[in-house]
Amino acid sequence: MEKFTKITSKAVPLAIENIDTDQIIPARFLKATDKKGFGDNVFRDWRFDKNGNTNTAFSLNNSLYSGSILIAGDNFGCGSSREHAAWALVGYGFKVIVSSFFADIFKGNALNNGLLPLQVSPSFLTILMDTIHKKPETEILVDLEKQIISIADTNLFETFEIDPYKKTCMINGYDDIDYLLSKKEMIEAFETQRK
Amino acid sequence: MSKTLFDKIWDQHVVDTIKEGPQVLYIDKHLIHEVTSPQAFNELKERSIPIFRPNQIVATADHNTPTINQHLPIKDKLSKNQLEQLSKNCSDNNITLYELGHKYNGIVHVMAPELGITQPGMTMVCGDSHTSTHGAFGAIAFGIGTSQVAQVFASQCLLLKKPKSLRVTVNGKLKKGVLPKDVILYIISKLGTNSGTGYFCEYAGNVFENMSMEGRMTVCNMSIEMGARGGMIAPDETTFNYIKDRQFAPKGTDFDKKVAYWKTLPSDIDAVFDQEYIFDAEDIGPMVTYGTNPGMGIKITETIPKENNSSFKKSLEYMNFEAGSSLIDKQINYVFIGSCTNSRIEDFRVAANFIKGKQKAENVTAWLVPGSKQVEAQIIEEGLKEIFDNAGFELRQPGCSACLAMNDDKIPKGEYCVSTSNRNFEGRQGQGSRTILASPLVAAATAVEGKIIDITKQLN
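Line order of the protein sequences matches chains A and B. Using my numbering, you'd call the opening residue of the first sequence number 43 and step up by one each time. Using my numbering, you'd call the opening residue of the second sequence number 964 and step up by one each time.
Hints in this document: simulated from the structure, not taken from any laboratory. Keep in mind the model is a prediction, meaning the values are calculated, not measured. Please note that a few of the clues may not be correct.
[Stated by the list, open to error] DMTMM-like mimics (lysine to aspartate or glutamate), calculated; alpha carbons at most 25 Å apart, straight line:
no.	chain 1	residue 1	chain 2	residue 2
1	B	1008	A	205
2	B	1220	A	233
3	B	1276	A	172
4	B	1125	A	172
5	A	92	B	1349
[Claimed, not checked] Heads up, incomplete: computed chain B residues facing chain A, CB under 10 Å, no partners named:
no.	residue
6	973
7	979
8	998
9	1004
10	1041
11	1042
12	1089
13	1168
14	1277
15	1284
16	1343
17	1346
For glycine and all other residues, C-beta sits at the position ideal for the given N, C-alpha and C.
Here chain A stands alone, though its shape is the one from the complex (with noise of 0.2 Å):
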């Protein structure tokens, strides 16, 4: 997993709420057996048409709007467990995804792959989105050892919560897997115990 401290990116808005994993990738691109190339097809759907035209007023495609961080409604990733979600948004070059709520899976791939859901309150969202329709060019600054996002020359910022562990985690690019098996002699006594 690869390192996250601190970044400065513009910002892609997407300002629909309840974002499910279906619309991130869509079922029939789940075939595939490793991780690469599901970047490709990120909102696939939204993004293009069926008959494979790009859809314009969609904000990703967009040429006003570029950067790593994305900036999404309320309860983004609902749905689906599929971890192929956080593989595509990463494939596609996010490293932030900003949310007022995220659904609960989604933020544990996200999180396991390197990829930072940063909860801020409804009124800070609105803020950004407003920021980012108004001033494209607009940076962001994500510092996840202050755990503080704010809003480049202005002094707009706020403050989230990211899990001790996680956070530790994602600042050194260590994965769940590495800990566990760290864990093994105490887990095979735990079983051991229960007989």
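Chain B: place on chain A using the hints.
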């Protein structure tokens, strides 16, 4: 201290607690399928980590399998490859697999309960969000991502923060024609798609106590649609009777011992939940959804609400519905009865009971897809297939099918499908398809009439 059903099982499975961090939770059963496991197998292989407890894993092929001509080679190269990888991964690692054509093959959440693999007090996971289904037995069961599949492969454990507790109580008498699917669609329509996020939900009250195991599975299945990672119902005599004598259920005195333990699991009378909701069974009617998330549901007799919100409007635009209108008399050309929500024998009995002596409407393409080979066999044995055949319906072979349209069972662009599945997301049943979630009874009635009808009038 008083404990909930969830607390009791969770606490018994905690191996270790990280200071100010998550807990190491032991997993009893790990179910896998072809779509969310290959990358996890690869991960372990690349890191030279062996599968820790292969005998606690059970695999099936379901998401990506055809529902006709299963005996023939699979045409789609990618699907074929995915299924072959599952077979290879399972045989390389000594994992039990019920592959396509096996007498136990079926949708993972239909197969495990009917074989007696799912039991009260267990912790169970699967790389599939509808793993919540197994909570119907009083088990902690939840969906996980592929990184977590790899974690369980490596250690039979997961690192998790204990979720908060939520209880949804429904008491009273359900009206005629109101099925378990309507109960859960009603609950989600009232609570919305994210009110359960961060919680594990227990369903309580006489409505669930009086429900069959299959009905309970339908309810728990959709817990994730209100955001709850899992749903559960206290085990009781209905649970024990269902499990008894099933293939992998404990037998003889072992079974009796287990039952004695299972009886200790229900929430203590004075257990406190972080959140509670109470509903009256009398208020529930046959339900349909009108939007693009499962929380957008109404009673079939109601009209689509009016909301001034851009996401709501986008949703209605996609469905081509108008706020304030009714779905009754809406022409429907596709009906799907199947999925891990409603593909068990009771669902097909309900459908057959309505269809018997009637004919499928000419405009309707209807797919009846059993949840497993065992359900399929029972449909034939009970003479339900004959009823379906005579009425012009096609009984297909088991699999996830048109619930997520990974195989060829896709609803065409712009068409409506009245579906017994669990998600009405945009394009869920095929690009541009429009899904209306409903019970097997409403689906069967739609197929016969060729349009949505007020089923309550027919029943009274």
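Going down the list of hints, with the structure as the test:
no., hint, verdict
1, B:1008 with A:205, "violated (29 Å)"
2, B:1220 with A:233, "holds (19 Å)"
3, B:1276 with A:172, "holds (20 Å)"
4, B:1125 with A:172, "violated (36 Å)"
5, A:92 with B:1349, "violated (39 Å)"
6, 973, "violated (14 Å)"
7, 979, "holds (6 Å)"
8, 998, "holds (5 Å)"
9, 1004, "holds (9 Å)"
10, 1041, "holds (4 Å)"
11, 1042, "holds (6 Å)"
12, 1089, "holds (9 Å)"
13, 1168, "violated (25 Å)"
14, 1277, "holds (7 Å)"
15, 1284, "violated (17 Å)"
16, 1343, "violated (29 Å)"
17, 1346, "violated (34 Å)"
The structure shown violates the earlier hints numbered 1, 4, 5, 6, 13, 15, 16 and 17.
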